[in-house]
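Start from the sequences and build out the full structure, keeping to the hints where you can.
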Amino acid sequence: MSDIFIGMIMGFVEGMAEFLPISSTGHLILTGHLLGFEGVRATTFEVFIQFGAILAIAVLYWKRLLSLFNIQPLLRKEKKFNALHVLLGILPALIVGLVFYKQIKSLFQPEVVVVGLVAGAILMIFAEKKRPEPISTNLDELTYKQAITIGLFQCLAVCPGFSRAGSTISGGLLSKANYKTASEFSFLIAIPLMAGATSLDLVKNWGNLSSADIPLFAAGFITSFIVAIIAVFTFLKVLGKIGLTPFAYYRIVLAVLFSIFVLL
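Sequential numbering of the sequence shown, starting at 1, is according to the working numbering.
Because the hints were derived from the structure by calculation, they are not lab data.
Since this is a predicted model, take the numbers as computed values, not measurements.
With a straight-line cut-off of 25 Å between C-alpha atoms, the simulated SDA-like cross-links for lysine to any residue are:
1. K180 with F69
2. K80 with T137
3. K204 with L107
Laid out in C-alpha coordinates, this is it:
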(Lines of atoms letter the chains of each structure in order from A and count residues from 1; the text may use other names and numbers.)
(Lines give C-alpha, C1' and ligand atoms only; values in the text may rest on other atoms or scores of the structure.)
Protein backbone atom coordinates (compact mmCIF):
# COMPACT_ATOMS: atom_id res chain seq x y z
CA MET A 1 0.00 0.00 0.00
CA SER A 2 1.42 3.42 -0.95
CA ASP A 3 2.43 5.98 1.66
CA ILE A 4 -0.08 8.50 0.31
CA PHE A 5 -2.95 6.07 0.65
CA ILE A 6 -1.89 5.13 4.19
CA GLY A 7 -1.58 8.83 5.00
CA MET A 8 -5.08 9.54 3.74
CA ILE A 9 -6.59 6.64 5.71
CA MET A 10 -4.86 7.62 8.94
CA GLY A 11 -5.62 11.30 8.34
CA PHE A 12 -9.28 10.45 7.87
CA VAL A 13 -9.31 8.53 11.16
CA GLU A 14 -7.57 11.36 13.03
CA GLY A 15 -9.83 14.06 11.60
CA MET A 16 -12.96 12.03 12.31
CA ALA A 17 -12.06 10.91 15.83
CA GLU A 18 -10.03 13.73 17.39
CA PHE A 19 -12.89 15.96 18.50
CA LEU A 20 -15.57 13.30 18.85
CA PRO A 21 -15.90 11.46 22.19
CA ILE A 22 -14.65 8.18 20.76
CA SER A 23 -10.85 8.30 21.36
CA SER A 24 -8.61 9.17 18.44
CA THR A 25 -5.74 7.29 20.12
CA GLY A 26 -7.66 4.02 20.14
CA HIS A 27 -8.74 4.44 16.52
CA LEU A 28 -5.25 5.32 15.29
CA ILE A 29 -3.62 2.38 17.08
CA LEU A 30 -6.23 -0.06 15.80
CA THR A 31 -6.09 1.31 12.24
CA GLY A 32 -2.30 1.36 12.20
CA HIS A 33 -2.21 -2.23 13.41
CA LEU A 34 -4.61 -3.36 10.69
CA LEU A 35 -2.56 -1.53 8.04
CA GLY A 36 0.75 -2.79 9.39
CA PHE A 37 1.74 0.85 9.91
CA GLU A 38 3.51 0.79 13.28
CA GLY A 39 6.79 1.79 14.89
CA VAL A 40 8.60 5.10 15.48
CA ARG A 41 7.79 6.48 12.01
CA ALA A 42 4.09 5.76 12.50
CA THR A 43 4.08 7.28 15.98
CA THR A 44 5.70 10.49 14.71
CA PHE A 45 3.22 10.63 11.84
CA GLU A 46 0.27 10.25 14.22
CA VAL A 47 1.59 13.15 16.26
CA PHE A 48 2.11 15.35 13.21
CA ILE A 49 -1.35 14.91 11.70
CA GLN A 50 -2.89 16.25 14.89
CA PHE A 51 -1.81 19.67 13.62
CA GLY A 52 -4.31 19.23 10.79
CA ALA A 53 -7.12 18.73 13.29
CA ILE A 54 -5.91 21.69 15.38
CA LEU A 55 -5.88 23.92 12.31
CA ALA A 56 -9.47 22.89 11.53
CA ILE A 57 -10.66 24.21 14.91
CA ALA A 58 -8.61 27.39 14.45
CA VAL A 59 -10.33 27.99 11.10
CA LEU A 60 -13.83 27.23 12.40
CA TYR A 61 -13.46 29.39 15.52
CA TRP A 62 -11.09 32.09 14.35
CA LYS A 63 -13.35 34.90 15.53
CA ARG A 64 -13.58 33.41 19.04
CA LEU A 65 -9.83 32.92 19.13
CA LEU A 66 -9.14 36.50 18.08
CA SER A 67 -11.55 37.77 20.76
CA LEU A 68 -9.40 36.11 23.43
CA PHE A 69 -6.70 38.73 22.79
CA ASN A 70 -9.13 41.48 23.80
CA ILE A 71 -8.72 41.76 27.57
CA GLN A 72 -11.17 44.64 28.02
CA PRO A 73 -14.16 42.39 28.90
CA LEU A 74 -11.96 40.63 31.46
CA LEU A 75 -10.81 43.89 33.03
CA ARG A 76 -14.37 45.20 33.11
CA LYS A 77 -15.58 41.90 34.60
CA GLU A 78 -18.14 41.54 31.83
CA LYS A 79 -20.02 38.27 31.48
CA LYS A 80 -18.27 37.28 28.29
CA PHE A 81 -16.11 34.34 27.22
CA ASN A 82 -12.47 35.35 27.59
CA ALA A 83 -8.90 34.11 27.91
CA LEU A 84 -9.29 33.32 31.61
CA HIS A 85 -11.90 30.67 30.77
CA VAL A 86 -9.39 29.00 28.45
CA LEU A 87 -6.58 29.27 30.99
CA LEU A 88 -8.71 27.67 33.70
CA GLY A 89 -9.76 24.97 31.25
CA ILE A 90 -6.20 23.95 30.33
CA LEU A 91 -4.37 24.56 33.62
CA PRO A 92 -5.20 21.27 35.41
CA ALA A 93 -4.22 19.08 32.43
CA LEU A 94 -1.15 21.23 31.79
CA ILE A 95 0.09 20.70 35.35
CA VAL A 96 -0.62 16.97 35.26
CA GLY A 97 1.05 16.64 31.86
CA LEU A 98 4.22 18.47 32.89
CA VAL A 99 4.59 16.72 36.25
CA PHE A 100 3.78 13.21 35.06
CA TYR A 101 4.97 13.34 31.43
CA LYS A 102 7.10 10.18 31.56
CA GLN A 103 4.49 8.22 33.48
CA ILE A 104 1.78 9.25 31.03
CA LYS A 105 3.86 8.16 28.05
CA SER A 106 4.34 4.76 29.68
CA LEU A 107 0.55 4.32 29.67
CA PHE A 108 0.41 4.16 25.88
CA GLN A 109 -0.14 0.42 25.83
CA PRO A 110 -2.97 -1.48 24.06
CA GLU A 111 -4.31 -2.86 27.35
CA VAL A 112 -4.58 0.65 28.81
CA VAL A 113 -6.42 1.86 25.70
CA VAL A 114 -9.08 -0.84 26.18
CA VAL A 115 -9.55 0.16 29.82
CA GLY A 116 -9.74 3.83 28.83
CA LEU A 117 -12.34 3.16 26.13
CA VAL A 118 -14.65 1.35 28.56
CA ALA A 119 -14.06 3.71 31.50
CA GLY A 120 -14.72 6.73 29.29
CA ALA A 121 -17.91 5.12 27.99
CA ILE A 122 -19.14 4.62 31.56
CA LEU A 123 -18.44 8.27 32.39
CA MET A 124 -20.33 9.44 29.30
CA ILE A 125 -23.38 7.31 30.11
CA PHE A 126 -23.31 8.58 33.70
CA ALA A 127 -23.04 12.21 32.55
CA GLU A 128 -25.92 11.69 30.16
CA LYS A 129 -28.18 10.18 32.82
CA LYS A 130 -27.26 12.54 35.67
CA ARG A 131 -26.81 15.83 33.84
CA PRO A 132 -28.65 18.69 35.58
CA GLU A 133 -30.63 21.41 33.87
CA PRO A 134 -28.08 23.60 32.02
CA ILE A 135 -27.42 27.15 33.15
CA SER A 136 -25.03 27.88 30.26
CA THR A 137 -26.44 27.67 26.76
CA ASN A 138 -23.58 29.45 25.00
CA LEU A 139 -19.91 30.20 25.67
CA ASP A 140 -20.58 33.71 26.97
CA GLU A 141 -22.70 32.21 29.77
CA LEU A 142 -19.95 29.81 30.85
CA THR A 143 -18.72 30.56 34.38
CA TYR A 144 -15.15 30.32 35.64
CA LYS A 145 -16.22 27.54 37.98
CA GLN A 146 -17.56 25.54 35.05
CA ALA A 147 -14.33 26.16 33.11
CA ILE A 148 -12.12 24.81 35.91
CA THR A 149 -14.47 21.86 36.44
CA ILE A 150 -14.25 20.91 32.77
CA GLY A 151 -10.48 21.35 33.01
CA LEU A 152 -10.33 18.89 35.90
CA PHE A 153 -12.34 16.34 33.93
CA GLN A 154 -9.89 16.79 31.07
CA CYS A 155 -7.15 15.33 33.29
CA LEU A 156 -8.84 11.94 32.89
CA ALA A 157 -7.78 11.98 29.25
CA VAL A 158 -4.14 11.37 30.21
CA CYS A 159 -5.25 7.74 30.12
CA PRO A 160 -5.03 6.67 26.44
CA GLY A 161 -8.40 5.66 25.10
CA PHE A 162 -10.35 7.74 27.61
CA SER A 163 -10.88 10.51 25.05
CA ARG A 164 -10.22 14.17 25.76
CA ALA A 165 -13.49 15.17 24.08
CA GLY A 166 -15.44 12.51 25.98
CA SER A 167 -14.11 13.60 29.37
CA THR A 168 -14.49 17.35 28.79
CA ILE A 169 -17.98 17.18 27.29
CA SER A 170 -19.07 14.90 30.15
CA GLY A 171 -17.59 17.37 32.62
CA GLY A 172 -19.40 20.19 30.86
CA LEU A 173 -22.76 18.46 31.09
CA LEU A 174 -22.28 17.64 34.78
CA SER A 175 -21.29 21.26 35.48
CA LYS A 176 -24.56 22.52 33.94
CA ALA A 177 -23.49 23.45 30.42
CA ASN A 178 -25.57 22.32 27.47
CA TYR A 179 -24.23 20.03 24.74
CA LYS A 180 -23.17 22.79 22.34
CA THR A 181 -21.41 24.90 24.98
CA ALA A 182 -19.58 21.92 26.47
CA SER A 183 -18.48 20.76 23.02
CA GLU A 184 -17.30 24.17 21.80
CA PHE A 185 -15.36 24.78 24.99
CA SER A 186 -13.81 21.33 24.59
CA PHE A 187 -12.72 22.23 21.05
CA LEU A 188 -11.21 25.59 22.05
CA ILE A 189 -9.18 24.36 25.02
CA ALA A 190 -7.86 21.56 22.82
CA ILE A 191 -5.89 24.01 20.68
CA PRO A 192 -3.23 25.15 23.20
CA LEU A 193 -2.95 21.75 24.89
CA MET A 194 -2.72 19.73 21.69
CA ALA A 195 -0.40 22.24 20.04
CA GLY A 196 1.98 22.18 23.02
CA ALA A 197 1.99 18.41 23.52
CA THR A 198 2.20 17.70 19.80
CA SER A 199 5.09 20.13 19.28
CA LEU A 200 7.03 18.57 22.16
CA ASP A 201 6.57 15.04 20.84
CA LEU A 202 7.39 16.11 17.29
CA VAL A 203 10.65 17.80 18.29
CA LYS A 204 11.75 14.67 20.12
CA ASN A 205 11.01 12.36 17.18
CA TRP A 206 11.82 14.55 14.15
CA GLY A 207 15.27 13.04 13.74
CA ASN A 208 13.72 9.70 12.77
CA LEU A 209 12.28 11.13 9.54
CA SER A 210 13.62 11.88 6.06
CA SER A 211 12.49 13.81 2.97
CA ALA A 212 10.96 10.59 1.63
CA ASP A 213 8.30 10.89 4.34
CA ILE A 214 6.94 14.21 3.01
CA PRO A 215 4.16 12.68 0.79
CA LEU A 216 2.94 10.54 3.70
CA PHE A 217 2.87 13.44 6.14
CA ALA A 218 1.31 15.86 3.63
CA ALA A 219 -1.48 13.43 2.74
CA GLY A 220 -2.24 12.80 6.41
CA PHE A 221 -2.19 16.47 7.37
CA ILE A 222 -4.47 17.66 4.55
CA THR A 223 -6.93 14.81 5.01
CA SER A 224 -7.03 15.31 8.77
CA PHE A 225 -7.74 19.04 8.32
CA ILE A 226 -10.60 18.57 5.84
CA VAL A 227 -12.24 15.67 7.67
CA ALA A 228 -11.99 17.40 11.07
CA ILE A 229 -13.90 20.42 9.77
CA ILE A 230 -16.69 18.19 8.45
CA ALA A 231 -16.72 16.03 11.58
CA VAL A 232 -16.95 18.96 14.02
CA PHE A 233 -19.68 20.68 12.02
CA THR A 234 -21.72 17.46 11.79
CA PHE A 235 -21.11 16.52 15.43
CA LEU A 236 -22.52 19.80 16.71
CA LYS A 237 -25.60 19.31 14.55
CA VAL A 238 -26.43 15.83 15.85
CA LEU A 239 -25.15 15.83 19.46
CA GLY A 240 -28.15 17.66 20.91
CA LYS A 241 -30.46 15.16 19.21
CA ILE A 242 -28.76 11.86 20.04
CA GLY A 243 -26.66 12.69 23.10
CA LEU A 244 -23.52 10.91 24.26
CA THR A 245 -24.91 7.41 24.87
CA PRO A 246 -24.61 6.14 21.26
CA PHE A 247 -20.97 7.21 21.25
CA ALA A 248 -20.46 5.41 24.57
CA TYR A 249 -21.88 2.15 23.18
CA TYR A 250 -19.69 2.54 20.11
CA ARG A 251 -16.64 2.86 22.37
CA ILE A 252 -17.50 -0.42 24.06
CA VAL A 253 -17.77 -2.11 20.67
CA LEU A 254 -14.42 -0.57 19.72
CA ALA A 255 -12.88 -1.92 22.93
CA VAL A 256 -14.01 -5.42 21.95
CA LEU A 257 -12.58 -5.01 18.43
CA PHE A 258 -9.38 -3.62 19.89
CA SER A 259 -9.06 -6.66 22.15
CA ILE A 260 -9.62 -9.05 19.25
CA PHE A 261 -7.35 -7.45 16.64
CA VAL A 262 -4.60 -5.95 18.79
CA LEU A 263 -4.40 -7.86 22.06
CA LEU A 264 -5.16 -11.43 20.95
